[in-house]
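Heads up: the protein sequence lines correspond to chains A and B, in order. The opening residue of the first sequence carries number 1 in my numbering; numbering runs sequentially from there. The opening residue of the second sequence carries number 1001 in my numbering; numbering runs sequentially from there.
No wet-lab data here; the hints were simulated from the structure. Beta carbons are placed, not taken as given, at the ideal position from N, Cα and C, and that holds for glycine. Honestly, I wouldn't trust all of these hints.
As the list claims (entries may be wrong) - Counterexamples of contact, computed for chain B against chain A with all Cβ distances above 12 Å:
(1) Val1013
(2) Asn1014
(3) Lys1017
(4) Arg1032
(5) Ser1046
(6) Glu1047
(7) Asp1048
(8) Glu1078
(9) Ala1091
(10) Ile1105
(11) Glu1124
(12) Asp1268
Stated by the list, open to error - In silico DSS-like links for lysine-lysine, alpha-carbon gap of 25 Å or less:
(13) A/Lys66 / B/Lys1016
(14) A/Lys47 / A/Lys58
(15) B/Lys1016 / A/Lys153
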Amino acid sequence: MEAKPSNLVDQLVVPGDVILDLSNMANQTLKLSGGLRQDGDSICVMKAGKLRFMKPNKYWVESSQKRYVPSAGDNVLGVVVDTKPENFLVDIKGPALAFLPVLSFEGGTRRNIPKFEVGTLLYVSVVSANPGMNPELSCMDVNGKAAEYGVLKEEGYMFESSTGLARSLLSSPPHPVLEGLGKKLSFEIAVGINGRFWVNALQSSTVILVGNAIQKSESLSLVQQKIYLEKLLKSIHSRGCKTSDQ
Amino acid sequence: MEHRLANSLIMTVNEKKFIESALLSDIRVDGRRPFDYRNLTIRFGSEDGSAEVQLGQTQVIGFVTGQLSQPYRDRPNEGSFAIYTEFSPMADPSFEPGRPGETAIELGRIVDRGLRESRAVDTESLCVIAGKLVWSIRIDLHIIDNGGNLVDAANIAALAALSTFRRPECTLGGEDGQELIVHPPDEREPLSLILHHFPVAVTFGFIGKENTVVIDPTHYEEAVMGGSMTATLNTNGDVCAIQKAGGDAVSQTVIMQCLRIASVKAGDITSKIKDAVESYNTQRSLRKIKRHNPDQQGSSDVAKRHMERLTVGSDQSGIASQFNEHDKTNKRNSTLKGFSGGPASWDPYSKGVDGDALRTSLASRVAPVDKQKEESSQVNPETKSNPKSSETNSIALTHEVGLERKQSKSLKDAVKPKHKRRNKSNAS
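This is chain B alone, in the form it adopts within the complex (with noise of 0.2 Å):
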C-alpha cells in the first residue's frame, strides 16, 4: 500500500487551493497568464525521421520508420501507418513498464485520430505495387519526461517526425521488368512524406468550480482539474477531432471559445513546427554538398572545375542540359545493370578523371559484388510473390558495401538537377 502511494502524485490543499484562488486573478503557478504555451523547442537527431520536442519540463521523442509490406485486402493501393507510445517510467513515477497504461492508450488514439482521420498523411502515394506491396510507416512516440499536457507535445513530435522522414526510392526493374529495386540513399534521394496538412492538437483544463480554463496545463494543474479537452486543428480552419473523454460538464459557449483560441495557437505552432523543419532541411542539404571524398584527385580537380564553372554563369544552362543527358543514359544503365551504376557511368565530369584507370580499378572491386547481384536476382523471381523486406534490404546492403569501397565521388553525386539551381545560388 504504501508503495503505491508513493507512485501518485502528492498534492497538499494548499497547493488545490491556491491554484484556483491564484486563476481567479488570472495569474498560474508558474507564472503564465491563462492562454500562454510554455516553451516550445523542437530538435531534430541526426537520422531522418526522428524529433525530440520540449515543452516546458515536457519531453518527448518521436521516431518515424517505414517498412514494406502487404496492403489491407480492402484498400490495396493505399500504404498504413500506426502510432506506438512508450510511456517511459523515468518520465513518471506513476508510469509502469510494460504493458501501456490508460493514459498511453489515450494519448496514442489522439494523435493517430488527428492525423488519420484527417487525411494528413498521404496513403496513396506510400503505394508501390498495387495489392502486393506498400509501405507501413510506424510512428514511435517516447515520453521522456511528464511535465504536463503530453498530447500536444507528442502531437508535435509526431508531425515533426514525418515532416522530417525520408524513405527510399522504389522502381521497378530487373530483366523482366517486375523486379522491385529499393534504391540506397546514396545512389537515389530518398524521398519526404507527403503531408497535406498540419494537425496541431491544443489541451485546455477546465479547473475549479467555475470552470475556469487554462491552455497547456503543467502536471500539478493537471492533478487538480476537473476535466480537459483536447482540440486537434489545422491552419486551414478546419477541426480534425476533439476528445473530452468525461470530467466536469463544460458549456456550449466555453467550447466555442475554446476553439476559437486553439484554432490561433495551432497556427503559431504549425510556423514553429515548419521553420524548424526548414532550417533542419536546409542543414541536411549542406552536409550532402559537403559529403565530396578529398581522397582521389582526380575527384578532387573534377570538384575545382565544378567549383569554376559555378562561377561563371553563363555556363549554367550548359551543364544543365549535360546532366540531363547523362541522367537520361543513367536511368538506363541502372535499370540494365542493376546495381552496378556508379559514378563511372554517369559522372558527368568524367573527362576530367582518367575514366579508363577508374573502370579498372573500379571493375576489380565491383566483380565480387556483382556476383552477389546474379544470385540475388535469381532469388528474387522465386521470393517475388513474398517480398520480405529483409530481402531488399540485404540488397540494399551489399550495394550500400560495393559503394563505400568506390571512393570517387563528385558533387554532383548528392545533388538532384532539379534542386541544382537552388544550390548554386547557395553555393555562390
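Same shape as in the complex, but just chain A (with noise of 0.2 Å):
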C-alpha cells in the first residue's frame, strides 16, 4: 500500500510542524532522513527548511546552510592543509577537518602515494561521517575506480557557497543560470555539495563572469534568473562584438 504524502510537502516547515499522524496510517514503513524525528505518533519537524517527498516512503527536510554537515556518500570539494604519514587532513566546510588515507587512490600502493602541496584542491567522496570523528574521504569510488575523483587542474578558481546553491546546481533540471551561460559560453565546472564550486575557462573573465554570476543569482527567484540571465547574454555578446571589431 502506497502511503499518501504529507500535505506540506514541498512546503516550508519550521522546527515544531507535525507533518504526519501515524496513528491515521496502517502498517507502512517511512523512512525519514535528516531534518525529522519520530516523536511517539508523530513525525515533527527539526530543522527549518522545505520538506521534501521521494515515492514510495522517503521524507526528509531540505536546508540551505553556509556550513556543510558532513554525511556518508557526499562529493565534496576539499583543500589539503596537511600531510600525515597515513592520511592527508583535508578541510571541506566541516566542523572538523577530513582524513584522506593515503592509499584511497586508484592503484595506490606505499610506493605511489601522491605528493599534494598545502592548498591543492580536490575533488573527494565522504566515505564516513560520524558526529564527533574527523569524516573520511576517498578518491575511489565504489568499484575501486578513480571515476572523476583527485586533483582538480591547476587553473580556474573556487567560489563558496551555500549549501542550497550547490545541491540546485547538481539537481536536474539544471540551474537556469548555469545552463544559459554553459550555452553562450565554453567553460567546465566542478561542484561540491559542500558549498564549493571550481570553475575553469581559457580566459579570466568568463571564470570571473560564470562564478559571479552564480553566487549573485542566489537570492533571484525563477523569473528574476532568466532576467538575470538575459541581461548578462546580451552584455557578454555586445562586448564580445566590441572587441571582434577591433
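Can you join these two chains into the complex? Each is in its own frame, and there are hints to help.
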C-alpha cells in the first residue's frame, strides 16, 4: 500500500511542525532522513527548510546553510591543509578536518603515494561521517576506480556558496543561470555539495563572469534569474562584438 | 593543531595563481578593475556620534563618546582623544576575543596617526577650564565583518562618527561664577566637534612578482598579496600619514603613482562622507522641530500662532528681535536660577499661554527639583577641585527628569535663533 504523502510536501516547515500522524496510517514503513524525528505517533520537524518526499516512502527536510555537515556518500571539494604519514588532512567546510588515507587512490600503494602540497584542490567522496569524529574521504568510487575524483587542474578559481545553491546546481532540471551560460560560453565546472564550486575556462574573464553570476543568482527567484541571465548574455554579446571589431 | 588550522583562511593554489593571472588582464575576482573601490554605504545610528560603514563585505561601526577629565600636564588647554579598536570574533574565524592582536593595534595606530598628526580634530576647542577640565573624546571602532581592507572602512567610520558627534555645552556659572554647568541637550543645543579636514585612508595591495597594484583589497587578495601600503590624505593635497609595514619592496615610481591615485579616491570618499553627514544633520534638525508636544492646549495655540507668523514674511524681523531680547533675559535667568530655567520664563509666545496657570502648575513640580539643586550646589564647591563627570551627569540627570515633567514646550525650544531663518524656509 502506498503512503499518502503529507500535505506539507515541498512547503516551508519550521521546527515543531507535525507533518504526519501515524495513528491514522496502517502498517507502513517510512524512511525519515535529515531534519525529521519520530515523537511517539507523530513525525515532527527539527530543522527549518522545505519538506521533500520521494516515492515510495522517503521524507526529508532540505535547508541551505553556509556551513556543511558531512554525511556519507556526498561528493565534495576539499582543500589539503596538511600531510601526515597515514592521511592527508583535508578541509571540507565542516566542523572538523577530514582524513583522506594516502592509499585511497586507484592503484594506490605505499610506493606511489601522491604528493599534494598545502592548498591543493581535490574532488573527493565522503566515505564515513560519524558525529564527533573526523570524516573519512576517498578518491575512489565503490568499485575502486578513480572515476572523476582526484586533483582538479591548477587553473580556474574556486567560489564559495551555500549548500542550497550547490544542491540546485547539481539538480535536474539544471539551474537556469548555469544552463544559459553553458549554452553561450565554454567553461568547465565542478560542484561540491559542501558549498564550493570550481570554474575553469580559457579566459579569466569568463571564469569570473560565470562564478559571480552563479553566486549572485542565489537570492533571485526563477523569473528573476531568467531576466538576469538575459541581461548578462546581452552584455557579453555586445562586449564580444566590440572586441571582435577591434 | 587542527583548531589552529581551522582558524586561518585556507587558500587553494588555484586561487593564488588565478588572482595573479587575472590581474595581468586587469580584472579582479569580483569583477572590479584594479583601481576601483567597492560600494561604500554610510549609515548613522539614532544617537549622535555613531556610524556604520559598509565597504563591500566589510562592516565597521564607529562610536564616539566624550567625558570631562583632567588635561595632560604639558598641554593644559587642549582636550584629548583616543582610539580603541575591537575585532569581534564574529568578523573572522582568526579573531580571538580578549586583548587586541597585532593587526588590531596596527589599525588603531593608523587611524590615530591620521587624525592626530594632521591635527584634524581641533583639541583646543575641547578645553573647558584651562588646566583643570577638558573634554576627552573616545572613539570606539568595532569590526563586525572582515571582508578585507579594514583600515579604510574603520577610518571612514571614525570620520563619520566624529562629524556627527555632539558634546553638551558647558558654561561657568553658579553663585560664585566658578561652578561648571553642563547643559543637557534639551536646554542648550549640543555642540559638534571642529574638524579642520578629513584625513582619508586609502589602502593599496601589491600582488605578484610584477607588483601589480590593487586598491581596496578583499580578504582573499589580502591573503595572496606580498605587501600593502596605506596612504592617508585629505582633499587639500596634504599627505597626513603613510603606512608600509614590511612586505615586498616597492619602487619609488610606484609609490608616487599610488599617492596620485589616492588623492583622487580621497576626494571621492570625502564627498560621500560629507553628503551622508549633511543628510543626517537635516534629518536631525527636522526631528527636533517635530519634538513639539501637543498635549497642552496652550502650547498648541502657540504652535498655530507660530505657523501663522511664519507664513507672514514681514513679521520675521519683528520675531527675531523679540527672540533676541528674550534670549538675553534667558541667559541671565539661567545663571541666576541654575537649572530651573524653563519655558515659562523665556518663552517668547508666553502671551498666548496663560502664564500664571502654567507657573503654578510648574512650581509644584519644580520645587522638589530645586531642593536637590541646592544640595548638589553645596556639595559642588567642595568637590570643585576634583570634578568628576559622574557628578555633573547626576546634576544633568535630575534636571532632565525635571524637564520631562514639564510638558509645555514650544517650537522655539528646539530652534536656535541663528538657525531660525533656515528652518523657516524649510517649514514654509
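| field | 12 Å Cβ clearance of B/Glu1078 from chain A | value | 48 Å, holds
| task | Find the nearest Cβ of chain A to the Cβ of B/Glu1124 and say whether that gap is larger than 12 Å. | result | 50 Å, holds
| field | Exclusion check [B/Lys1017 not at the chain A interface, CB over 12 Å] | value | 6 Å, violated
| said: For B/Glu1047, is the shortest CB-to-CB distance to chain A above 12 Å, so the non-interface label stands? | reply: 32 Å, holds
| Non-interface claim for B/Asp1048, where every Cβ of chain A lies beyond 12 Å | Label holds. Min Cβ-Cβ 35 Å, cutoff 12 Å.
| said: If I take the minimum Cβ distance from B/Val1013 to any residue of chain A, is it greater than 12 Å? | reply: 4 Å, violated
| said: Beyond 12 Å on every Cβ pair: is that true for B/Arg1032 relative to chain A? | reply: Incorrect as stated: the minimum Cβ-Cβ distance to chain A is 10 Å, not above 12 Å.
| field | Restraint check for A/Lys47 with A/Lys58, where alpha carbons must lie at most 25 Å apart | value | Distance ~16 Å between A/Lys47 and A/Lys58 Cα, so the pair holds.
| field | Whether B/Asn1014 stays farther than 12 Å from all C-beta atoms of chain A, as the label says | value | Contrary to the label, B/Asn1014 does not stay out of reach of chain A, its closest Cβ about 5 Å off (not over 12 Å).
| task | May I ask you to check that B/Asp1268 keeps its beta-carbon over 12 Å from the closest beta-carbon of chain A? | result | It holds; B/Asp1268 is separated from chain A by about 24 Å at its closest Cβ, greater than 12 Å.
| Is the Cβ of B/Ala1091 farther than 12 Å from every Cβ of chain A? | 15 Å, holds
| said: Against the 25 Å threshold, does the CA-CA distance of B/Lys1016 and A/Lys153 hold or violate the hint? | reply: Roughly 13 Å between the alpha carbons, so the hint for B/Lys1016 and A/Lys153 holds.
Checked against the numbered hints listed earlier, the structure breaks hints 1, 2, 3 and 4; every other hint is satisfied.
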